[in-house]
Amino acid sequence: MITRFISVLVRRNKERKSYKKLLKFVEGVMREIDEIPKNSFAADVVMVVRMDDIGDYILSRNLLPTIKNAEKFRGQKIVYVGNSIYKDLAEVLDKDYIDSFIWVDQKLFHEDASYRKKLFKELRNRAPSTVIELERTPNVNYGDLIVHAAHAPVRYGSANYYQQDLLNELSNSFYSHIFERDWNLTHEFVFNQAYVNWICDTSTHLDKPSIDIGKLPIIKSEYPYILCVIGSSKKSKNWPLGHWVQLLKKLSQIFDGKIMLIGGAREIAFSKKIIDQNISPNIISIVGKTTLMEAFAWIKKARLMVSNDTFAIHAGVAMDGPPTVVMANGESAFRFSELSTYSSKYRVVYSSVYGKRLPNMKPKDRWFLSLPSVDMATITVDSVFKNCQELFRIESGEQGG
Numbered sequence: 001m002i003t004r005f006i007s008v009l010v011r012r013n014k015e016r017k018s019y020k021k022l023l024k025f026v027e028g029v030m031r032e033i034d035e036i037p038k039n040s041f042a043a044d045v046v047m048v049v050r051m052d053d054i055g056d057y058i059l060s061r062n063l064l065p066t067i068k069n070a071e072k073f074r075g076q077k078i079v080y081v082g083n084s085i086y087k088d089l090a091e092v093l094d095k096d097y098i099d100s101f102i103w104v105d106q107k108l109f110h111e112d113a114s115y116r117k118k119l120f121k122e123l124r125n126r127a128p129s130t131v132i133e134l135e136r137t138p139n140v141n142y143g144d145l146i147v148h149a150a151h152a153p154v155r156y157g158s159a160n161y162y163q164q165d166l167l168n169e170l171s172n173s174f175y176s177h178i179f180e181r182d183w184n185l186t187h188e189f190v191f192n193q194a195y196v197n198w199i200c201d202t203s204t205h206l207d208k209p210s211i212d213i214g215k216l217p218i219i220k221s222e223y224p225y226i227l228c229v230i231g232s233s234k235k236s237k238n239w240p241l242g243h244w245v246q247l248l249k250k251l252s253q254i255f256d257g258k259i260m261l262i263g264g265a266r267e268i269a270f271s272k273k274i275i276d277q278n279i280s281p282n283i284i285s286i287v288g289k290t291t292l293m294e295a296f297a298w299i300k301k302a303r304l305m306v307s308n309d310t311f312a313i314h315a316g317v318a319m320d321g322p323p324t325v326v327m328a329n330g331e332s333a334f335r336f337s338e339l340s341t342y343s344s345k346y347r348v349v350y351s352s353v354y355g356k357r358l359p360n361m362k363p364k365d366r367w368f369l370s371l372p373s374v375d376m377a378t379i380t381v382d383s384v385f386k387n388c389q390e391l392f393r394i395e396s397g398e399q400g401g
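The sequence shown runs 1 to 401 under the UniProt record's numbering.
Hint data in this document are derived by calculation from the structure and do not stem from the laboratory.
Where hints are given, some of them may not hold.
Distance condition first, Cα-Cα at most 20 Å in a straight line; then the derived EDC-like pairs of lysine to aspartate or glutamate [to be verified]: (1) K107 to D88; (2) K72 to E35; (3) K77 to D99; (4) K117 to D212; (5) K24 to D165; (6) K208 to E338; (7) K258 to E222; (8) K95 to D382; (9) K345 to D382; (10) K24 to E169; (11) K208 to D44; (12) K118 to E222; (13) K68 to E35; (14) K117 to E27.
Please take these sequences and the hints and turn them into a complete structure.
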């Protein structure tokens, strides 16, 4: 309890400091943008901006055809400005709906003024007449600034959800058309449809996110495998090492195939610590060894997936992939990790802190819920293993039946 209290205090202090730092950064970058020459806009260019992570992109990408084919944008070129982290994925899956891509390195954007200047000039040279910021909660120090730099006369955005009213006012000021904010606990996939329909004057309805698996690379596996996704985009969403080790011991006792560890370069050291435990020769690490497209192919073919709250869970649901057990701390759960509506083979195990607080939380409270990394340790190995067993039995029965 004391450890958690200290962790929460440290996190809140960091948030206060980052608030001042954020405003200073925005002010400086806006001065940089003001120095870029303004071009006349091109009436036939629509710029779509989405700067968040892979999972967010998966939950919105099925609406790109709606934008491309909307009557109000008919005949116009679509320029997509996105986070370079999912470049390889988007350029394969969505090239039919996007005329050209501009990819932004988030780290360089925030650290390199010369990089920003080059980017801002490219945005200005495209001279869009319309900019659409696709994010529900764009970062005022990232996506909002990119919209501002594009200098389009028509700018669509979603009213922001910062806790600080000043940041909401600042974010909203970058747009000429604002989609009204509400505090309903709407899943991101549902929100994206309502938002894009509002922009495009359309009535698109999608039952679930989807990915054309025919566009994935072919991977050859001579053995059935369980896939364990051991990383995530945030430290606060990572299940502890000791918990993974205990779970892998249990899984190796009931599963005759391989257990594959997958993740990005950030998880290489973490995966090595797991492998060094010598739990079983059937545990294999491909962490840091796959492209994003290959990772999706591995997800699709798994017999069971166990994952932190990360893009892999959205990819699995979108591909009608394997039975999936997710460990999640509860932050923004209603927006992202609650995916059982879209898959009957999906289970989430939340931190005990979140489970205790949830019954007494108002909808608005859930928007601002911020949980420390120590809460992930309250997700027990037994609870995750139990869900794995249940889903694995169901899947084995279906395949055998």
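Hints and how they fare:
Between the alpha carbons of K107 and D88 the distance comes to roughly 18 Å, so the proposed pair stays at or under 20 Å and holds. In summary, the hint linking K72 to E35 is not supported, as the alpha carbons are separated by about 32 Å, beyond the 20 Å threshold. Taken as a hint, the K77 and D99 pair is honoured in the structure, with Cα atoms around 6 Å apart against an allowance of 20 Å. Pair hint K117 plus D212 does not hold up; C-alpha atoms about 36 Å apart against a cutoff of 20 Å.
About 17 Å separates the Cα atoms of K24 and D165, which keeps this hinted pair within 20 Å; it holds. At most 20 Å may separate the alpha-carbon atoms for a hinted pair to count; K208 and E338 meet this at roughly 13 Å. This hinted pair checks out: K258 and E222 have alpha carbons roughly 10 Å apart, not beyond 20 Å. At most 20 Å may separate the alpha-carbon atoms for a hinted pair to count; K95 and D382 exceed this at roughly 44 Å.
Only pairs whose Cα atoms come within 20 Å are accepted, and K345 paired with D382 is accepted, the gap being roughly 19 Å. Among the hinted pairs, K24 with E169 is consistent with the structure: their alpha-carbon atoms are about 16 Å apart, no more than 20 Å. For the given pair, K208 sits about 31 Å from D44 by alpha-carbon distance, which is inconsistent with the 20 Å threshold. Restraint check for K118 and E222: not satisfied, since their Cα atoms lie roughly 47 Å apart, outside the 20 Å limit.
Restraint check for K68 and E35: not satisfied, since their Cα atoms lie roughly 32 Å apart, outside the 20 Å limit. At most 20 Å may separate the alpha-carbon atoms for a hinted pair to count; K117 and E27 meet this at roughly 15 Å.
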